[in-house]
Amino acid sequence: MIVLIVFMILTVVALERVVEQRALVAEEARLQLLIYGLLAAVDRNRAGMSITISADRLFENSLMTRDSGLYAILYNAKRQGIWRSRSITRVFPEIEQITPGDWQFKILEHDSKPYFRLAFAIHWPDVRDKLQRYDVVVWQEASAHFEQLDRFRQTLWSWLVVTIALLLIVMYLVTMWSLRPLTKLGLEIKAIEDRKQTGFENNYPIEIAPLTENLNILLTRERYQQQRYRNAMDDLAHSLKTPLAVLSGLPKVKKTDRVDLDILREQIDRMNQIVTYQLKKASSVADAKMSKPIDLVQVVGRILSALEKVYREKSVRVEADMAPAIMIRMDESDCLEVLGNLLDNAFKYCRGRVFIGSSDGAEGQMHLTIEDDGSGLPEHEIEQILNRGTRLDQVSEGQGIGLAVVADIVKSYNIAMSFKRSVAGGLRVQLVFQTV
Amino acid sequence: MRAIVIEDDLDIQKQVIDRLKQEGFAVDGADNGDEGLYLLQEYPCDVAIIDLGLPKLSGLDVINKIRKAGSNLPILILTARGRWQDKVEGLDAGADDYLVKPFHHEEMMARIRVLIRRASGWSDSRIVCSPVSLDTTTQRTYVDERELDLTAFEYKVLEYLMMHAGEVISKTVLTEHLYDDEDDRDSNVIEVFIRRLRQKLDPDEGLQPIETLRGRGYRFTLDRVKQADTD
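Protein chains in written order, with my numbering: chain A, 1 to 436; chain B, 1 to 231.
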């Protein structure tokens with residue numbers, strides 16, 4: 001819009017300039033005509049040594065009327081005024097030397113008024129046919145001319161200002177009207193904040209509809225997450241009560257007796273496990289629908305490089321037999337958590353070899369297998385570990401909460417997980433994923 | 001050995017530093033990423049313990065910058081963020097190991113020792129340059145099967161020299177890696193320790209385990225015995 005306004009101003013300025021120029025040109029042309037008229041009325045004087053202008057051969061009435069505003073003077077070679085029009089009542093300043101044949105057009109100030117002055121020098125033969133030089137000068141009072149120009153200028157500029165004002169008003173109105181949906185959006189957001197509404201309405205124009213639809217999805221997801229966090233807090237508070245109870249039940253000791261550090265450490269460990277488990281559970285996204293597809297093989301790759309760093313001293317040999325890429329719908333953080341824990345266990349408890357492989361399952365399914373050559377786990381322990389999450393008031397030992405977190409996450413994604421004994425001697429974990 | 005601890009929780013920082021000093025480390029501490037980076041760039045050290053959630057410059061940024069500058073310093077990350085995503089990101093950025101808070105200090109020390117040994121090319125907790133051997137976990141020294149009675153500082157000097165067996169270590173480097181800031185650093189004291197070490201290691205003067213190179217420093221002359229990978 002600013003560009004438009006600037007353009008309009010430039011146009012008006014140009015217009016103004018052009019009009020000014022044209023007016024001056026016209027004025028000069030008019031005065032030229034007058035001088036031609038004067039030349040046509042030139043006659044020899046009685047003596048024949050000079051020329052004069054016969055007034056009766058002049059048709060310009062203004063030259064006859066006193067103080068008409070139009071004046072003419074004829075100068076001889078000695079710069080003496082030898083003829084003056086009857087309109088002259090005052091003295092006019094002399095002119096500078098000009099070249100014969102040249103027209104000199106100037107705008108001057110005289111008697112505190114603006115004047116146009118046109119001068120022309122000629123050679124005219126006298127009675128002896130000797131060329132004498134004469135200068136013809138006309139003065140035209142220019143006040144009226146400039147006043148008119150000013151009036152024109154004023155009209156032009158006020159027209160411009162009015163147009164710009166109107167333009168701005170119209171554009172403002174149009175903008176306000178087109179932004180109406182956004183105003184409505186703003187009002188709805190406030191209403192959602194104030195809990196008067198739970199989502200956006202459906203009657204937005206096509207340009208805005210994708211925004212409101214996505215915002216609605218975002219709101220649903222956030223509410224869902226909020227609920228999960230609330231649940232986690234509840235579970236957390238509940239599970240912490242037991243170890244806290246144990247600690248507060250410790251016998252009061254005199255300052256000189258030592259507190260049973262073992263019990264302290266044990267309960268602190270337990271509380272730590274509970275807190276970690278609940279935090280991990282709550283921060284898991286746990287919804288395949290809301291996740292974009294990720295490459296399982298890439299995730300495995302990242303975890304393997306991390307584990308190879310951490311377990312460098314152990315020199316674990318990894319045998320991988322996976323498809324080049326496996327796309328699944330899962331939050332990347334959750335996927336890293338599941339595979340990270342499972343592979344970490346494999347590395348930790350293996351003797352020296354870990355195997356990862358993938359194979360096609362039923363329609364749209366992919367099986368992922370992780371095996372190690374360690375000593376494996378007895379059945380009942382596996383059972384216990386998988387249920388660790390819900391029974392954290394039991395004394396913790398062995399594996400910790402890693403597998404419990406994994407069990408939680410795979411359950412929420414509907415990924416089937418099974419444990420067996422590997423032919424290599426250790427644990428064999430199999431996961432069944434739905435591929436994209 | 002010298003360690004740098006970058007941790008903004010002052011209680012934990014103090015605990016870690018105290019434990020490291022107990023184990024014979026000289027330690028510098030910082031409580032924000034900018035100061036930590038400065039310490040890492042200006043002071044030589046053998047291991048860095050870095051928290052991720054730091055003010056001013058984050059732990060990951062500090063690690064990135066150090067690695068980009070070409071440092072191979074062993075780095076242990078200490079953090080409350082326990083998700084595997086955070087572990088992988090930390091290790092990708094250049095850390096060598098990752099410990100989740102709260103942790104047992106024994107575990108932390110064990111991991112730090114592994115990292116230091118790894119950096120010197122030792123994969124075992126025993127450093128053996130026959131007939132001298134060092135058990136870095138128990139901090140005991142043996143010549144053949146005979147145990148030596150070394151003071152804490154004598155052990156520190158010997159451990160450093162043996163970790164870098166075959167390399168020339170100047171007195172300045174030795175002082176920087178073994179002394180805390182507050183202690184008086186007098187390089188003549190090092191000479192005294194070296195002399196005492198020689199007396200204890202090599203009473204008959206047949207072994208000559210520590211060589212003095214005038215104007216350059218000291219070198220542990222006995223060859224490393226390569227450890228077979230533990231299986």
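No lab work stands behind these hints: they were computed from the structure. Yeah, the Cβ is synthetic: ideal placement off N, Cα and C, and Gly gets one too. Careful: at least some of the hints might be erroneous.
Restraint ranges, calculated between C-beta atoms of paired labels, are given here [said to hold, decoys possible]:
#, chain 1, residue 1, chain 2, residue 2, range
1, A, Met290, B, Gln15, 25 to 31 Å
2, A, Gln227, B, Asp61, 34 to 40 Å
3, B, Ser71, A, Ser305, 17 to 23 Å
4, B, Gly166, A, Pro293, 19 to 25 Å
5, A, Met290, B, Asp61, 37 to 43 Å
6, A, Asn414, B, Pro102, 30 to 36 Å
7, A, Met1, B, Gly53, 46 to 52 Å
8, A, Leu244, B, Gly166, 53 to 59 Å
9, A, Glu381, B, Val192, 36 to 42 Å
10, B, Pro102, A, Lys309, 19 to 25 Å
11, A, Glu313, B, Pro203, 43 to 49 Å
12, A, Glu193, B, Asp61, 32 to 38 Å
13, B, Gln22, A, Glu381, 48 to 54 Å
A few chain A residues that face chain B, going by a derived Cβ cut-off under 8 Å, partial list only [stated by the list, open to error]:
#, residue
14, Arg302
15, Leu304
16, Glu313
17, Val316
Inset, instruction - Please name the hints from earlier in the document that this structure breaks, with their numbers sorted from lowest to highest. - result: 1, 4, 5, 9, 11, 13, 15, 17
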